[in-house]
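Novice: The listed protein sequences derive, respectively, from chains C and R.
98 is the number of the first residue of the first sequence in my numbering; add one for each residue after it.
-1 is the number of the first residue of the second sequence in my numbering; add one for each residue after it.
Just so you know, these hints were derived from the structure itself, not from any lab.
Using N, Cα and C, we set each Cβ at its ideal position, and we do this for glycine too.
Be careful, since some hints might not be right.
[What the hints assert, rightly or not] Computed list of lysine-lysine pairs in DSS-like fashion (alpha-carbon distance at most 27 Å, straight line):
{"hint": "1", "chain 1": "C", "residue 1": "Lys240", "chain 2": "R", "residue 2": "Lys162"}
{"hint": "2", "chain 1": "C", "residue 1": "Lys231", "chain 2": "R", "residue 2": "Lys162"}
{"hint": "3", "chain 1": "C", "residue 1": "Lys170", "chain 2": "C", "residue 2": "Lys194"}
{"hint": "4", "chain 1": "R", "residue 1": "Lys38", "chain 2": "R", "residue 2": "Lys142"}
{"hint": "5", "chain 1": "C", "residue 1": "Lys240", "chain 2": "C", "residue 2": "Lys297"}
{"hint": "6", "chain 1": "C", "residue 1": "Lys231", "chain 2": "C", "residue 2": "Lys170"}
{"hint": "7", "chain 1": "C", "residue 1": "Lys240", "chain 2": "R", "residue 2": "Lys142"}
{"hint": "8", "chain 1": "C", "residue 1": "Lys101", "chain 2": "C", "residue 2": "Lys297"}
{"hint": "9", "chain 1": "C", "residue 1": "Lys231", "chain 2": "R", "residue 2": "Lys142"}
{"hint": "10", "chain 1": "R", "residue 1": "Lys162", "chain 2": "R", "residue 2": "Lys142"}
[Claimed, not checked] Which stretches of chain C does chain R cover? Using the computed rule of at least three CB atoms under 8 Å from a CB of chain R, they are:
{"hint": "11", "region": "177 to 188"}
{"hint": "12", "region": "264 to 271"}
Single-letter residue listing:
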Amino acid sequence: MIDKRVASAAEAVSDIFDGATIMIGGFGEAGSPVELIHALIDQGATNLTTISNNTGSGQVGLAALLKAGRVSKVVCSFPRTANSTVFPELYRSGRTKLELVPQGTLAERIRAGGAGIPAFYTPSAVGTPLAEGKECREFGDRKYLLEHGIRADFSLIKGRVADTHGNILYNKTARNFAPLMAMAAEVTIVQVAEIVEPGKLDPESIVTPGIFVDRVVAIANPAHESELVEAGASYP
Amino acid sequence: MTKPPVIGRTREEMAQRLAQDIPDGSYVNLGIGIPELVAKFVPAGRSMIYHTENGLLGMGPAPRPGEGDPELLNAGKQRVTALPGAAYFHHADSFAMIRGGHLDLCVLGALQVAQNGDLANWSTGEPGAIPAVGGAMDLVAGVKSIFVITQHCTREGEAKLVQKCTFPLTGCAVVNRIYTDLAVIEVTPNGFRLVELSPGIDFNFVQERTGAPLLRTPERIKAGGAEK
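Kindly generate the complete structure, drawing on both the sequences and the hints.
Specialist: Okay, structure coming up:
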């Protein structure tokens, strides 16, 4: 019988290994899987490559993972946000490498990676510094850049509700990259506020079908990054 | 110390002037900063649907302080609301709307705009600066019309409208119109063309503060703005 529940965030991330590539959902704090990231800090894996839109804020969540020195490279579209001080220090000191990717290209690279598409052409970034070293090809009278799909060993994402088959619904703009990242990892781990029995979710409303999900863990009252930052919290 | 008198349009007046040129029923993406002000000045009787690239069509104004949902944000990571008829979607769909030419207009800020429509708005290229691009390169590559709203000159008095951008580009030949404190300017195949001077401003004053020639000859304007 299919049941993708795991008992705790610690158990959900227990097999993440040193050197792993990890996609982490979220746009700002919306959709950031704070409890899974904190469990990963406790777990200790290091030399990680993270793929995410931002680099966290304050000293919690993704910023705390970076601060703990676990991340050697970030693939990111906007690593500069209000209250984001950890990554800028790591970047300036050369301790963490950055691959800067336009946001739409990042989304499509993840989607392609999950959809069995090795590469695609996009008009974004043609003629800019981010086009350097990339194949450029004309279709019609326009230029496009070749971009490659990306995959990861693990994805850590946050939903609102799941069923035990791993079907996921999200909360508002917390959806962002999560449905794409769910498709593009060997192991997709989802934290949700609530897990229900199969049949409780309307099949017409499912956003991420359970085939893309490996583990779901219930975190009933997830923390919000802005509230932690406002309270001056740091992790661990 | 007294502030120098404001010459030309204030930021709010610039936003108000730009809002006059958005057709009723447009799907619009507003960038962070001065572009966000545009939503306050939509003329009566017109309605726009606002897109935010983090996954919402039908974005409404900010909630009252202390209210709202920390997972209902705009591209600047500020809390917003969703209006009746709104839709949420994931990032691949959001950027399909952008790259696929489904959005009518994007309003962005600028560091520099060149006379051929090149835009630089994401990096000054300074060593030690944290490079961050977000969705700007996708927006300028795909949205039908790109309007820039910016001060005409930098705080140091240097021209932002130039022959050729010296900062790293966001996109090539992408800008259609520029709304500044001093003027409304259109990008044409022949360079910058003056559309309108701000109240109390004369042509020479604008030309002296523009790094490329300003055309004054009227040109046929295609529906929806200048040719791209």
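Novice: Now tell me, hint by hint, if it's right for this structure.
Specialist: Against the structure, the hints:
1. Between Lys240 (chain C) and Lys162 (chain R), the direct Cα distance comes to roughly 20 Å. Compliance with the 27 Å bound is thereby established for this hinted pair.
2. Restraint check for Lys231 (chain C) and Lys162 (chain R): the C-alpha separation of about 23 Å stays at or below 27 Å, so the hint holds.
3. Note on Lys170 (chain C) and Lys194 (chain C): the hinted pairing holds, with a Cα-Cα distance of about 4 Å set against a maximum of 27 Å.
4. Taking the CA atoms of Lys38 (chain R) and Lys142 (chain R), the gap is near 22 Å; set against the 27 Å cutoff, the hint holds.
5. At roughly 48 Å between alpha-carbon atoms, Lys240 (chain C) and Lys297 (chain C) are farther apart than 27 Å, so this suggested pair is violated.
6. Simply put, Lys231 (chain C) and Lys170 (chain C) have alpha-carbon atoms about 20 Å apart, close enough for the 27 Å limit, and the pair holds.
7. A hinted pair counts as satisfied when its Cα atoms are at most 27 Å apart, and Lys240 (chain C) with Lys142 (chain R) qualifies at roughly 17 Å.
8. The straight-line distance between the Cα atoms of Lys101 (chain C) and Lys297 (chain C) is roughly 16 Å, inside the 27 Å bound, and the hint therefore holds.
9. Between the alpha carbons of Lys231 (chain C) and Lys142 (chain R) the distance comes to roughly 25 Å, so the proposed pair stays at or under 27 Å and holds.
10. Under the criterion of a C-alpha separation no larger than 27 Å, the hint pairing Lys162 (chain R) with Lys142 (chain R) is consistent with the structure, at around 23 Å.
11. Counting residues of the region 177 to 188 of chain C whose CB lies closer than 8 Å to any CB of chain R gives 6, so the stated coverage by that chain holds, three being the minimum.
12. Only when three residues or more bring their CB closer than 8 Å to a CB of chain R does the claim for the region 264 to 271 of chain C stand; here the count is 5, and the claim holds.
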